[in-house]
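**Student:** These are the residues of each chain, in order.
2 protein chains.
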Amino acid sequence: MKTIKLGFLGLGNIGSGVARVLAANKTLLQEESGLTFEIVKVLERDPSRLEALGLAPSLRTEKIEEVTDHPDIDIIIEVLGGQEPAASFMRRALEHGKTVVTANKSALAPTWEILDSAAKQSGAGLYFEASAGGGIPVIDVLNHSMQANHIAMIMGIINGTTNYMLWRMKQEHMSYDQALKEAQELGYAEPDPTFDVGGKDAAFKLSILASLAMRKHVDVEDIACVGITEITPQDLELGGEMGMTLKLLGIAKDQGDEVEAHVYPTFLPDSHMMSAVTDAFNAIFLTGDMVDDVMLYGRGAGALPTASAIVSDIVRASKAQRHEYQRFFAEGNKAKVNNKKAASRYFLRFEGEDTQSLKTALEEKGLKVMKTATAAGQCAVLIDQVSEEELDRALAGCTGCLAAIHAEV
Amino acid sequence: MKTIKLGFLGLGNIGSGVARVLAANKTLLQEESGLTFEIVKVLERDPSRLEALGLAPSLRTEKIEEVTDHPDIDIIIEVLGGQEPAASFMRRALEHGKTVVTANKSALAPTWEILDSAAKQSGAGLYFEASAGGGIPVIDVLNHSMQANHIAMIMGIINGTTNYMLWRMKQEHMSYDQALKEAQELGYAEPDPTFDVGGKDAAFKLSILASLAMRKHVDVEDIACVGITEITPQDLELGGEMGMTLKLLGIAKDQGDEVEAHVYPTFLPDSHMMSAVTDAFNAIFLTGDMVDDVMLYGRGAGALPTASAIVSDIVRASKAQRHEYQRFFAEGNKAKVNNKKAASRYFLRFEGEDTQSLKTALEEKGLKVMKTATAAGQCAVLIDQVSEEELDRALAGCTGCLAAIHAEV
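Listed in order, the protein sequences are those of chains A and B.
My numbering numbers the first residue of the first sequence as 11 and each following residue consecutively.
My numbering numbers the first residue of the second sequence as 11 and each following residue consecutively.
Careful, some of the hints might be misleading.
Pairs count within a copy or across copies, as identical chains cannot be separated in the list.
Mimicking DSSO-like on lysine-lysine, the simulated pairs with C-alpha atoms at most 27 Å apart in a straight line are [as the list claims (entries may be wrong)]:
#1 Lys12 <-> Lys226
#2 Lys226 <-> Lys36
#3 Lys73 <-> Lys346
#4 Lys36 <-> Lys346
#5 Lys36 <-> Lys344
#6 Lys344 <-> Lys210
#7 Lys180 <-> Lys191
None of these hints come from the bench; they were simulated from the model.
Note that the structure is a prediction, hence the values are computed from the model and not measured.
Full structure from sequences and hints, please.
**Tutor:** Given below as structure tokens:
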């Protein structure tokens with residue numbers, strides 16, 4: 011029975027989850043993988059976190075080199091969160107030939123090319139199943155089950171906080187502020203919720219998922235990002251009357267030479283599988299040219315679901331004869347992201363209930379109105395496919411438009 | 011660029027699909043895998059099938075040994091369907107050291123132990139991603155992403171024909187016969203639909219999925235199987251009034267020393283993700299002790315989705331340094347299946363609309379009525395957890411019970 015020696019960067023919520031999974035399901039993991047796992051060093055300021063897990067105080071260090079340069083360590087688990095110092099620490103580990111398993115989209119997405127290159131040069135592995143979709147095994151599926159497919163589109167509910175909030179706002183006709191407060195009370199939202207509600211968390215994850223799906227590097231800097239802070243219960247209600255459900259979606263579409271890539275609040279038909287995803291659950295939906303539609307659903311966050319993904323990476327890395335690197339970096343294959351040309355349907359919300367005059371006014375500007383709805387002094391229309399450019403032009407001289415929301419219907 | 015040489019057993023709908031995927035996405039597959047694939051021999055009676063794909067007539071044979079014993083062939087794709095001769099042919103191939111990729115649950119499930127053993131002895135691989143859930147990458151997920159989890163429960167909508175029929179029966183208040191006729195016209199159901207509507211197709215697939223999830227061999231012979239032939243639109247309507255949706259589910263649950271394993275029509279809450287699976291789509295839902303709930307959704311049948319899964323197996327098999335075998339066979343770890351003791355809620359349908367008398371009568375027999383519904387001269391009750399044994403006893407002296415259907419609510 012081979013023993014794999016592990017170093018931890020951080021032993022917070024996720025790191026402790028990994029240690030707990032390794033301890034609780036030790037026998038199962040031995041049987042499944044033929045391996046045992048030993049924690050030999052932990053970068054952590056707080057001694058009580060080791061104590062809580064029954065780990066010897068001597069395993070703790072506050073010096074990164076005692077983990078990255080440790081002669082016995084095979085795999086380093088990076089669960090610090092945030093871009094720095096996590097990204098620099100991972101780079102140092104990879105340069106020292108240590109395989110890295112990370113759950114940290116904030117560090118991975120912006121420095122992925124540097125990390126992939128460092129890994130490739132030293133022959134170490136870089137594994138990141140837990141960095142998008144939490145416990146959902148979407149990275150492995152994209153890497154190892156979709157080789158026969160050109161993927162035309164991938165869309166994800168990849169932020170649980172906002173999914174919870176939009177669900178509650180619709181269900182209870184709650185305001186944004188009420189839903190945020192509830193999410194904070196449940197521990198789903200941080201005291202400063204900007205990273206989640208502004209869409210940045212989803213953009214980091216979309217960068218990773220879209221790159222694997224499109225087989226081109228979709229740089230997080232190129233991903234257009236609109237959060238849910240401007241969404242009102244009226245949007246959800248009026249959209250609901252049109253048979254649509256609002257989700258914060260990360261979407262990437264193959265548009266030939268260009269890629270469409272954005273995180274937007276987006277309406278889906280109520281009958282779409284993604285509309286059934288409630289609470290803080292995540293889901294990733296893709297369309298391949300051979301497999302057609304596939305969806306993966308599960309918990310996108312939480313210590314144990316995330317640890318489940320990290321441990322599957324630890325086993326995968328331990329058994330790999332040769333680690334895999336991203337072809338798109340080696341080939342300099344960067345996606346040209348363009349969101350201005352792609353056509354979409356739009357939900358538009360206005361003051362007043364006079365849908366007939368509104369319809370006439372919008373149609374004079376070249377927009378085709380497909381559906382209308384009214385509620386409590388406001389109205390909304392669903393307009394047919396236009397590009398963002400065309401919509402901006404049409405709405406330029408138009409007063410009273412309170413919201414314009416993408417609709418994938 | 012290494013060339014992998016392929017032999018085909020059968021070039022029907024699925025086999026032709028594989029050949030089409032290999033041709034259509036040849037460049038992508040080369041880039042993704044670093045491999046090229048060449049079809050060198052095809053067991054097939056009908057020359058026109060090779061012709062339709064532009065394959066040379068000289069590749070065709072009607073002698074199995076010309077494929078299984080072919081010195082150049084690396085991997086044999088078995089897509090004949092049916093138990094025999096497919097199972098014997100696979101065994102022969104494995105004994106000759108040829109890795110086998112199969113989509114054939116009817117041949118795999120009943121002879122799996124023999125095939126696994128033959129593969130292990132010769133060092134060949136046995137791959138079967140397409141044998142359950144079609145294009146859905148559920149086998150890979152169970153094998154390589156759930157190592158950190160004890161799986162308490164797995165349930166699947168793993169027969170598209172019956173899912174289509176139940177969906178249409180509810181949607182259009184259609185009779186079973188009408189729904190079957192429609193499914194046959196669409197090509198979803200065979201002229202003799204017994205294999206699908208009787209639940210046997212789902213039982214073969216459940217045997218495979220449940221064995222991987224429970225890490226014990228769940229023999230298809232031990233799986234209790236009830237199809238949808240007795241389901242009426244009244245069941246769907248009355249269940250609908252109770253907020254439930256009917257699905258034909260293959261379910262396996264870890265009950266400690268025993269395993270519950272059955273294919274039954276089963277009610278789920280309308281809010282359950284599986285209730286949103288319409289048309290002929292499939293989905294597999296599981297609960298792990300660490301990852302919590304995970305669901306995978308996609309096309310469970312069709313030439314190209316199935317071929318997508320087969321091609322992912324071909325790539326996986328080609329890149330494997332060492333093939334994997336089932337630990338439960340090596341350890342003689344067979345599941346003790348017992349469906350009599352496990353408690354479940356039940357939907358019961360009766361003649362008449364007098365729910366009050368019915369409730370009293372059922373409660374006198376020790377059944378707890380949770381919900382009632384009436385429609386057009388019939389009524390139904392939802393009763394709380396009882397075992398099959400207890401239910402049988404309670405209903406023994408009870409007249410007028412028209413249907414008793416499992417409810418996972």
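**Student:** Determine for every hint whether it applies to the structure shown.
**Tutor:** Hints and how they fare:
Within a single copy, lysine 12 and lysine 226 get their C-alpha atoms only as close as 37 Å, which misses the 27 Å cut-off; across copies the closest is 24 Å, which meets it. Proximity of lysine 226 and lysine 36 under a CA criterion of 27 Å is satisfied inter-copy only: 18 Å between copies versus 38 Å inside one chain copy. In the homo-oligomer, the alpha carbons of lysine 73 and lysine 346 never lie at most 27 Å apart, since the shortest distance is 40 Å inside one protomer and 52 Å across protomers. For the homomeric pair lysine 36 and lysine 346, the shortest alpha-carbon distance between copies (24 Å) is at most 27 Å, but the shortest distance inside one copy (45 Å) is not.
Only between protomers do lysine 36 and lysine 344 lie at most 27 Å apart by alpha-carbon distance; the minimum there is 22 Å, versus 41 Å within a single protomer. Only within a single protomer do lysine 344 and lysine 210 lie at most 27 Å apart by alpha-carbon distance; the minimum there is 20 Å, versus 49 Å between protomers. Only within a single protomer do lysine 180 and lysine 191 lie at most 27 Å apart by alpha-carbon distance; the minimum there is 15 Å, versus 40 Å between protomers.
In the structure shown, a violation is registered for the earlier hint numbered 3 alone.
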